[in-house]
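> So the sequences go chain by chain: C and Y.
Mapping of the first sequence onto this note's numbering: residues 1 to 110, in sequence order.
Mapping of the second sequence onto this note's numbering: residues 111 to 227, in sequence order.
Taking lysine-lysine pairs in the DSS-like style, the calculated list, with each CA pair at most 25 Å apart, reads: (1) Lys26/C x Lys167/Y; (2) Lys55/C x Lys67/C; (3) Lys55/C x Lys37/C; (4) Lys26/C x Lys50/C; (5) Lys167/Y x Lys50/C; (6) Lys68/C x Lys55/C.
Derived from the structure by calculation, the hints contain no laboratory data.
This structure is a prediction, so every number in the text was calculated from the model and none was measured.
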Amino acid sequence: QQPVQSPQAVILREGEDAVINCSSSKALYSVHWYRQKHGEAPVFLMILLKGGEQKGHDKISASFNEKKQQSSLYLTASQLSYSGTYFCGAASGGSYIPTFGRGTSLIVHP
Amino acid sequence: KAGVTQTPRYLIKTRGQQVTLSCSPISGHRSVSWYQQTPGQGLQFLFEYFSETQRNKGNFPGRFSGRQFSNSRSEMNVSTLELGDSALYLCASSLIRATSGSTDTQYFGPGTRLTVL
Chain C
1 QQPVQSPQAV ILREGEDAVI NCSSSKALYS VHWYRQKHGE APVFLMILLK
51 GGEQKGHDKI SASFNEKKQQ SSLYLTASQL SYSGTYFCGA ASGGSYIPTF
101 GRGTSLIVHP
Chain Y
111 KAGVTQTPRY LIKTRGQQVT LSCSPISGHR SVSWYQQTPG QGLQFLFEYF
161 SETQRNKGNF PGRFSGRQFS NSRSEMNVST LELGDSALYL CASSLIRATS
211 GSTDTQYFGP GTRLTVL
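Chain Y with its partners taken away, still in its complex shape (with noise of 0.2 Å):
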């Protein structure tokens, strides 16, 4: 079975700009969620989305953004790109919502680097 996948792998943009990620997770997997790890942040929680649907949203300003489509795949969207929002941005998909309080497994995808110069 595929794993998650993330496009781009590594990103550069300058600030003032706006970048799109995307993320497919494994065949199946409705619940898409999105992190952010930084080495002065570390991990830190994006949103959840769950068939189309934004179920939950960590502690980030309204220029991050995101959707997810009928096929459960799923992009997020950083406007007005700052210098700090230079990160490795990582996706991880389940079967049922990762922030519903159930215990199902996550699965990671690579990860998109991106650099705001």
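Next up, chain C with everything else stripped away, as it sits in the complex (with noise of 0.2 Å):
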């Protein structure tokens, strides 16, 4: 079952901050974040494993709520290039092959 992400679009000016949820009907194993821009592949940002962790890359960083069964991926001090679709992917039930969410289309203003 596909993870919900929200919310489904957030329109940001430059240096202000967001916070794009997944969440699962399922206890996670593992969640997998990446963006998309329009026309290109996905880049990987990062892999959390269940246990509560926090990671960051840059100014982008994202927690794992193994009791809420859901992640956060937080961006702060947005930046121009931070425009695009982020997606998660949830891992769950025993396997670590992940299942989509629909995406959360971020665009960030001058």
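Mind docking these for me? Both chains are given alone in their own frames, and the hints should help you get the complex.
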């Protein structure tokens, strides 16, 4: 079953922060995060494994909440280059095969 | 270091035909995963190959198959093409298995856009 991403779309000004959530109906083993710009291939951001860890990648970080069966992606001080569609891939049910959400469209304006 | 390459970039086929897509991973990477991306279904995992063996497979019919060679290059094959197979097919490579619980970075190729008429 597909994880649910929220919000579906976010519009920001440069420098603002955003949070994208990825929720699963099943117990999560791992969550993958990707960004894809229009007409391009996805770019891998990070994978988080169960354990409630938080990872960071420049000004982009993510958390994994096993209890809530949810992962959140945090984008701080957003830059124009952050624009794109963010996907989460959630692995659950004893398998590390990801099922992907429908994506969150992020637009950063100057 | 050269990135992941996929050939061909674009392909047009008709229903009933078969197609083979190729993916060359980053040098030294032993894992190749394949994904299908469509506007309707989004991104879906097809399968992963590691050391010439299929390690995991997504929920796709048997018409979708693949293989990996000793140099880690991978091919995927779709037989008896259907209109619904029109999609962007992406491959991604990583050093170690992507579906084993590792946190290794995956690198995507540009994709092959397949259109089935």
